[in-house]
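Engineer: Residue strings, one per chain:
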Amino acid sequence: MTTVLELRAVSKTYLDGADEVHALREVDLAVEPGEMVAVMGPSGSGKSTLLTIAGALETPTAGEVLVAGRPLSSMSRDDRARLRRRVIGYVFQDFNLLPGLSAAENVALPLELDGVPAGKARTAALRTLEELGLADRASRFPDQLSGGERQRVAIARAVVGDRRLVLADEPTGALDSVNGEAVMRLILTACKGGVGAVVVTHDAQLASWADRVVFIRDGRVVDRTTPRGGPDSLLAEEAAR
Amino acid sequence: MSVRHALLALLSEGPKYGLQLREEFEARTGEVWPLNVGQVYTTLQRLERDGLVESDDDADPGPQKGFRITADGAEELAGWLRTPPDLASPPRDELVIKILVAVRLPGVDVQEVIQSHRRYLVEVMQQWTRLKEDAGDLDLGLALVVDAELYRLDSVVRWLDTADGRLKRAALESPAATTAPGPRIRRRAGVRR
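Protein sequence lines correspond, in order, to chains A and B. Residue 84 is where the first sequence starts when you use the working numbering, and the numbers rise one by one after that. Residue 79 is where the second sequence starts when you use the working numbering, and the numbers rise one by one after that.
Each hint should be verified, as a subset may be incorrect.
Okay, derived cross-link-like pairs now, DMTMM-like style, lysine to aspartate or glutamate, Cα gap no bigger than 25 Å in a straight line [stated by the list, open to error]:
id, chain 1, residue 1, chain 2, residue 2
1, B, LYS176, A, ASP102
2, B, LYS246, A, GLU103
3, B, LYS246, A, GLU188
4, B, LYS246, A, GLU109
5, B, LYS94, B, ASP164
6, A, LYS275, B, GLU211
7, A, LYS275, B, ASP225
8, B, LYS246, A, GLU253
9, B, LYS94, B, GLU109
10, B, LYS246, A, ASP245
11, B, LYS246, A, ASP294
Label pairs and their computed distance ranges (CB to CB) [claimed, not checked]:
id, chain 1, residue 1, chain 2, residue 2, range
12, A, GLU147, B, SER194, 26 to 34 Å
13, A, ARG168, B, GLY185, 50 to 58 Å
14, A, SER260, B, PRO163, 54 to 62 Å
15, A, SER222, B, GLU102, 45 to 53 Å
16, B, THR161, A, ALA92, 54 to 62 Å
17, A, SER156, B, PRO163, 54 to 62 Å
18, A, LEU140, B, PRO162, 30 to 38 Å
19, B, LEU250, A, GLY230, 54 to 62 Å
20, A, LEU140, B, GLU101, 33 to 41 Å
21, A, LEU196, B, ILE175, 55 to 63 Å
22, B, LEU250, A, THR206, 51 to 59 Å
Far from chain A, some chain B residues (derived; all Cβ distances over 12 Å) [as the list claims (entries may be wrong)]:
id, residue
23, LEU88
24, GLU91
25, ARG127
26, GLN142
27, ASP164
28, ILE175
29, VAL186
30, GLN189
31, SER194
32, TYR229
In short, the hints are calculated from the structure, not lab data. By construction, the Cβ of each residue, glycine as well, lies at the ideal position given by its N, Cα and C atoms.
Can you make the complete structure from the sequences, with help from the hints?
Structural biologist: The following block contains the structure:
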């Protein structure tokens with residue numbers, strides 16, 4: 084299967100007045116289908132820049148980004164826009180649902196913007212809402228949903244259609260811990276369906292839902308977790324104490 | 079953890095056998111804290127000695143011997159539930175000591191030391207989260223135990239993050255500050271003498 088996201092020696096430099104700011108320095112990262120990777124670091128470490136570059140919203144100063152095997156640098160502006168609509172789903176901290184549209188209409192919107200006929204888009208939206216356990220919320224408007232439900236609808240919108248990559252920036256930031264957990268379970272469900280996900284966060288509890296955690300500091304990847312075995316080994320350690 | 083009070087709690091629901099107590103204890107703590115049967119019987123003997131439980135006098139000691147809570151036992155349990163655990167006096171935390179040593183030791187990259195502990199903690203948190211994920215919402219006891227463990231580990235990660243930020247700021251303000259001996263610590267040590 085094709086790696087859904089690959090960053091090869093990606094650097095990003097901004098000019099702040101006369102000063103050069105190195106937001107990212109030679110970052111390598113690969114995300115496979117079905118995998119959730121968390122990028123953890125303090126504020127200002129470059130983790131949000133990493134997400135906007137991975138999502139084709141910004142271009143790197145150096146290095147190469149491949150989404151679903153295709154290098155972004157060789158794509159036309161239109162191709163990149165199409166990729167953003169069809170292949171990549173975004174989840175933001177503040178949900179970004181359109182208040183005048185129902186949950187189903189919000190989820191169908193990216194498909195309709197991509198030229199899918201309204202009826203087909205609606206069917207796909209309802210199917211995604213159902214897969215994520217939100218079928219009974221389909222006709223509600225955002226102000227009739229709780230914060231947790233709004234974010235779950237936002238995740239449905241991020242995975243609807245044939246998305247391969249979900250990018251989430253502090254997706255549970257505005258939620259209490261129980262709703263935050265529901266959101267992470269939902270992203271995991273999407274991953275089990277084959278999408279790759281990158282979750283950017285400063286929160287260790289959130290990061291611990293990921294298969295792998297990458298630590299970023301001053302624009303550089305400084306460390307990553309290695310799997311320590313399943314929960315059984317944890318209980319064995321407890322028992323040995 | 080108080081096995082003594084956990085057994086009293088189980089007996090407050092009605093009389094039970096030793097083996098049954100062990101099974102119920104493990105089931106209700108999400109099977110995270112295994113208990114051996116010897117531990118159960120030793121604890122029951124002490125509880126009986128202290129008049130907090132009673133046993134069937136005529137039965138042989140062993141799996142068929144039944145136990146029930148006494149009025150004193152119920153009072154002890156009620157008191158224990160409301161007694162705060164000793165969290166007030168700071169423990170001599172091994173990790174805190176390691177970071178304090180790393181700060182003072184020449185040639186040690188403190189940030190690298192902090193990161194290695196942060197990575198380990200997050201790896202352990204991943205395992206606990208996996209346990210919660212596998213169990214779903216059904217096992218309430220397990221979910222509560224796992225949440226407690228995750229919050230405990232999370233608080234250590236947050237402390238490391240804060241230490242990291244504090245050291246970074248200190249290094250910016252005065253590059254020598256993180257390696258020079260701390261006058262305030264010396265003064266305190268002086269007071270103790």
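Engineer: Does each hint hold? Answer for all of them.
Structural biologist: Results for each hint:
1. With a CA separation close to 37 Å, the supplied pair LYS176(B) and ASP102(A) exceeds the 25 Å bound.
2. Note on LYS246(B) and GLU103(A): the hinted pairing holds, with a Cα-Cα distance of about 20 Å set against a maximum of 25 Å.
3. At most 25 Å may separate the alpha-carbon atoms for a hinted pair to count; LYS246(B) and GLU188(A) exceed this at roughly 47 Å.
4. Of the supplied pair hints, the one linking LYS246(B) and GLU109(A) holds, its CA atoms being roughly 22 Å apart against a limit of 25 Å.
5. A C-alpha spacing of about 31 Å is found between LYS94(B) and ASP164(B), which places the hinted pair above 25 Å, so the restraint is violated.
6. Among the hinted pairs, LYS275(A) with GLU211(B) is consistent with the structure: their alpha-carbon atoms are about 13 Å apart, no more than 25 Å.
7. Only pairs whose Cα atoms come within 25 Å are accepted, and LYS275(A) paired with ASP225(B) is accepted, the gap being roughly 24 Å.
8. Distance hint between LYS246(B) and GLU253(A) is fulfilled; the C-alpha atoms sit about 24 Å from each other, no more than 25 Å.
9. This hinted pair checks out: LYS94(B) and GLU109(B) have alpha carbons roughly 19 Å apart, not beyond 25 Å.
10. For the proposed pair LYS246(B) and ASP245(A), the alpha carbon gap of about 44 Å is over 25 Å, so the pair is violated.
11. Pair hint LYS246(B) plus ASP294(A) does not hold up; C-alpha atoms about 30 Å apart against a cutoff of 25 Å.
12. Distance hint check for GLU147(A) and SER194(B): the Cβ-Cβ separation is about 31 Å, which falls inside the suggested range of 26 to 34 Å.
13. For the pair ARG168(A) and GLY185(B), the beta carbons lie near 53 Å from each other, so the given range of 50 to 58 Å is met.
14. A hinted range of 54 to 62 Å for the beta carbons of SER260(A) and PRO163(B) is inconsistent with their spacing of about 22 Å.
15. Checked against the hint of 45 to 53 Å, the pair SER222(A) and GLU102(B) passes, with Cβ atoms roughly 46 Å apart.
16. Take THR161(B) and ALA92(A): their Cβ atoms lie about 58 Å apart, and the range 54 to 62 Å holds.
17. Under the hint 54 to 62 Å, the C-beta atoms of SER156(A) and PRO163(B), about 58 Å apart, fit the expected range.
18. Taking 30 to 38 Å as the suggested C-beta distance range, the pair LEU140(A) and PRO162(B) does not conform, at roughly 50 Å.
19. Range check, LEU250(B) to GLY230(A): Cβ separation about 38 Å, and the 54 to 62 Å hint is violated.
20. For LEU140(A) and GLU101(B), the hinted distance range of 33 to 41 Å is not satisfied, since their beta carbons lie about 56 Å from each other.
21. Checked against the hint of 55 to 63 Å, the C-beta distance between LEU196(A) and ILE175(B) comes to roughly 57 Å, which is consistent with it.
22. One distance hint, 51 to 59 Å for the beta-carbon pair LEU250(B) and THR206(A), holds here, with the actual separation near 57 Å.
23. Separation of LEU88(B) from chain A is adequate, the least Cβ-Cβ distance of about 20 Å exceeding the 12 Å criterion.
24. GLU91(B), annotated as away from the interface, keeps every beta carbon of chain A farther than 12 Å; the closest lies near 26 Å.
25. With 12 Å as the threshold on Cβ separation, the claim that ARG127(B) sits away from chain A holds: the shortest Cβ distance comes to roughly 27 Å.
26. No Cβ of chain A comes within 12 Å of the Cβ of GLN142(B); the nearest lies about 27 Å off, and the non-interface call holds.
27. With a cut of 12 Å on Cβ distances, ASP164(B) stays outside the contact zone with chain A, its closest approach being about 19 Å.
28. With 12 Å as the threshold on Cβ separation, the claim that ILE175(B) sits away from chain A holds: the shortest Cβ distance comes to roughly 20 Å.
29. At the 12 Å boundary, the C-beta of VAL186(B) stays outside the reach of chain A, the nearest C-beta of that chain being 16 Å off.
30. A beta-carbon of chain A is positioned within 12 Å of the beta-carbon of GLN189(B); the least distance is around 8 Å.
31. Remark: the non-interface label on SER194(B) conflicts with the geometry, its nearest Cβ contact in chain A lying 8 Å away (cut-off 12 Å).
32. With a closest Cβ-Cβ approach of about 8 Å to chain A, TYR229(B) is found to fall inside the 12 Å limit, against its non-interface label.
Figure legend: structure checked against the earlier numbered hints; hints not met, in rising order: 1, 3, 5, 10, 11, 14, 18, 19, 20, 30, 31 and 32.
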